[in-house]
Amino acid sequence: MTRARVRILNWLIPVGTLFVWEVLGRAGMLPRYVTSPSAIIAALWELTESGELLLDLGVSLYRVSIGFAAGTVAGILLGLGAGLIPGVRHFFDPLVSFLFAIPKVAFLPIFLLLFGIGHASKIAIIAFSGFFPVFIAARQAVLSVNPILLWTARNMGAPPRTVFFRVVIPAAAPQLFAGMRIGLAQAFVVLFAAELIGSRAGLGTIISSGDDGGRFDLMFAGIVSFAAVGFVSDRLLMSIRKRALKGQLIGTDEQQVLQ
Amino acid sequence: MPLLEVANLDKTFALGQQTVNAIDKLSLSIEDHEFVSLVGPSGCGKSTFLHIVGGFEAATAGELRLNGAPVGPPGPDRGMMFQDLSLFPWLTALENVAWPLEMKGMKKAERLAKARDYLDLVHLSRYGDLYPGQLSGGMKQRVALARLFALDPEVLLMDEPFGALDSQTRELLQEELQAIWRRARKTALFVTHDIDESIYLGTRVIVFTARPGRIKADIRIPQLDRSGDFRKSEQYVALRAQVWDLLREEVLKARALEEA
Numbered sequence: 001m002t003r004a005r006v007r008i009l010n011w012l013i014p015v016g017t018l019f020v021w022e023v024l025g026r027a028g029m030l031p032r033y034v035t036s037p038s039a040i041i042a043a044l045w046e047l048t049e050s051g052e053l054l055l056d057l058g059v060s061l062y063r064v065s066i067g068f069a070a071g072t073v074a075g076i077l078l079g080l081g082a083g084l085i086p087g088v089r090h091f092f093d094p095l096v097s098f099l100f101a102i103p104k105v106a107f108l109p110i111f112l113l114l115f116g117i118g119h120a121s122k123i124a125i126i127a128f129s130g131f132f133p134v135f136i137a138a139r140q141a142v143l144s145v146n147p148i149l150l151w152t153a154r155n156m157g158a159p160p161r162t163v164f165f166r167v168v169i170p171a172a173a174p175q176l177f178a179g180m181r182i183g184l185a186q187a188f189v190v191l192f193a194a195e196l197i198g199s200r201a202g203l204g205t206i207i208s209s210g211d212d213g214g215r216f217d218l219m220f221a222g223i224v225s226f227a228a229v230g231f232v233s234d235r236l237l238m239s240i241r242k243r244a245l246k247g248q249l250i251g252t253d254e255q256q257v258l259q
Numbered sequence: 260m261p262l263l264e265v266a267n268l269d270k271t272f273a274l275g276q277q278t279v280n281a282i283d284k285l286s287l288s289i290e291d292h293e294f295v296s297l298v299g300p301s302g303c304g305k306s307t308f309l310h311i312v313g314g315f316e317a318a319t320a321g322e323l324r325l326n327g328a329p330v331g332p333p334g335p336d337r338g339m340m341f342q343d344l345s346l347f348p349w350l351t352a353l354e355n356v357a358w359p360l361e362m363k364g365m366k367k368a369e370r371l372a373k374a375r376d377y378l379d380l381v382h383l384s385r386y387g388d389l390y391p392g393q394l395s396g397g398m399k400q401r402v403a404l405a406r407l408f409a410l411d412p413e414v415l416l417m418d419e420p421f422g423a424l425d426s427q428t429r430e431l432l433q434e435e436l437q438a439i440w441r442r443a444r445k446t447a448l449f450v451t452h453d454i455d456e457s458i459y460l461g462t463r464v465i466v467f468t469a470r471p472g473r474i475k476a477d478i479r480i481p482q483l484d485r486s487g488d489f490r491k492s493e494q495y496v497a498l499r500a501q502v503w504d505l506l507r508e509e510v511l512k513a514r515a516l517e518e519a
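Top line first, the protein sequences correspond to chains S and Y.
The opening residue of the first sequence carries number 1 in this note's numbering; numbering runs sequentially from there.
The opening residue of the second sequence carries number 260 in this note's numbering; numbering runs sequentially from there.
Worth double-checking, as some hints may not be accurate.
[As the list claims (entries may be wrong)] Quick look at which bits of chain Y chain S covers, simulated, 3 or more residues with Cβ under 8 Å: (1) 328-335; (2) 345-357; (3) 391-397; (4) 465-472.
Rather than coming from a laboratory, the hints here were simulated on the basis of the structure.
Quick reminder that beta carbons are idealized off the backbone N, C-alpha and C, glycines included.
Produce the complete structure using the sequences and hints provided.
Structure representation (structure tokens):
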């Protein structure tokens with residue numbers, strides 16, 4: 001298939017789906033809880049006009065960005081430490097294996113007790129869940145740096161600090177980004193759950209209150225807003241990654257996909 | 260005083276439960292401006308020897324002196340070139356070549372200008388802005404060669420640098436290295452399993468025995484003219500046969516050792 005055809009198809013399928021969805025909705029052939037696209041847009045407009053959307057968006061973004069940043073920083077620092085220092089690795093490895101498989105939302109009651117009902121508990125649990133994939137990626141990245149690169153740097157007289165910042169970090173960067181991407185998705189999952197269970201503001205509350213009040217158009221508007229924020233942040237992270245990994249994506253399939 | 264002096268060098272390492280004797284009482288002295296090819300069956304410890312000279316691995320026993328001083332951890336006095344994957348993939352070809360100059364504390368404009376000269380030396384000046392991922396295997400090794408000369412070490416340590424290349428590319432690179440070396444006359448230790456390469460490049464060919472590595476033969480290559488039909492000359496053919504006979508015995512021994 002030519003590129004142009006692929007591109008047309010890439011648009012045709014989602015636009016076609018929306019169209020069919022809308023037509024079925026207008027013909028009354030969808031169940032009550034599946035509102036049509038136009039109704040969702042109307043609900044989005046309603047939320048925007050009332051100022052509610054902006055407020056909830058702000059609250060959710062605040063929680064997810066600080067939580068994700070904290071989890072990522074902790075994951076990178078401890079992960080790099082675990083990769084470099086056997087003692088740190090031996091301490092964290094069993095701990096991470098023990099905690100990694102538990103759905104982090106299960107800890108929410110504890111976080112609510114510890115940090116209260118406000119922002120802090122949400123930020124803390126988002127950081128906690130985002131930590132694991134980043135930690136695991138960073139730890140593994142350090143251990144899998146090609147030793148020839150390290151030898152080459154030392155051979156040219158680079159002191160350990162320089163080897164770390166100029167060789168280990170850039171060599172680990174592709175895996176760090178892979179871990180961050182998973183961490184980001186998990187941050188949103190946990191944000192949603194935390195806002196459903198114990199929150200008075202945030203995109204999650206739009207969804208839960210829409211659902212509770214039988215306003216399925218509002219519920220979908222909440223879901224769409226959530227998806228939009230997730231989409232934009234993932235794309236943002238990927239474009240930072242593309243810039244940061246200039247030389248390292250060459251020759252991978254992904255580079256062609258991204259172009 | 261020889262530039263590099265090796266006396267009674269031993270190297271053993273553990274392989275599972277066994278202790279493997281990789282190098283056994285190796286003694287060798289290398290003068291300034293020699294190009295020493297090291298050939299031997301695979302697993303004979305020739306690469307290990309190079310790593311020890313480079314400071315990347317420690318000898319079990321014995322002495323190793325460069326300019327009379329014991330050899331220490333890796334440093335810019337001994338420049339290592341590997342078979343492949345030694346360029347930093349996140350830097351352009353030019354930035355890779357400029358790296359050792361930066362480590363020496365050279366200012367940015369100066370080191371980039373110098374790096375351009377070194378890229379020119381390997382005929383890659385047009386490719387300075389490309390990343391290693393965009394270069395062919397042969398071009399990557401030429402960049403690595405330029406970087407090695409930018410480092411300007413006292414001894415060049417080359418561990419099968421052309422071993423991963425196709426034979427045409429390899430021959431071209433041998434000619435380039437030969438031409439550069441004729442001008443610079445830098446002392447070199449060149450590990451290879453390619454007999455032609457060892458004779459073509461070397462002023463001296465050292466044949467290693469099968470494990471544990473010892474010196475089986477130390478052959479001086481007369482100052483022959485490497486241009487034109489060198490590889491077809493009578494002298495060359497005779498040298499090649501001599502090295503091959505020596506090596507063949509050891510390759511057979513190495514195989515028997517593997518099958519035992």
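*Hints breached by this structure*: 4
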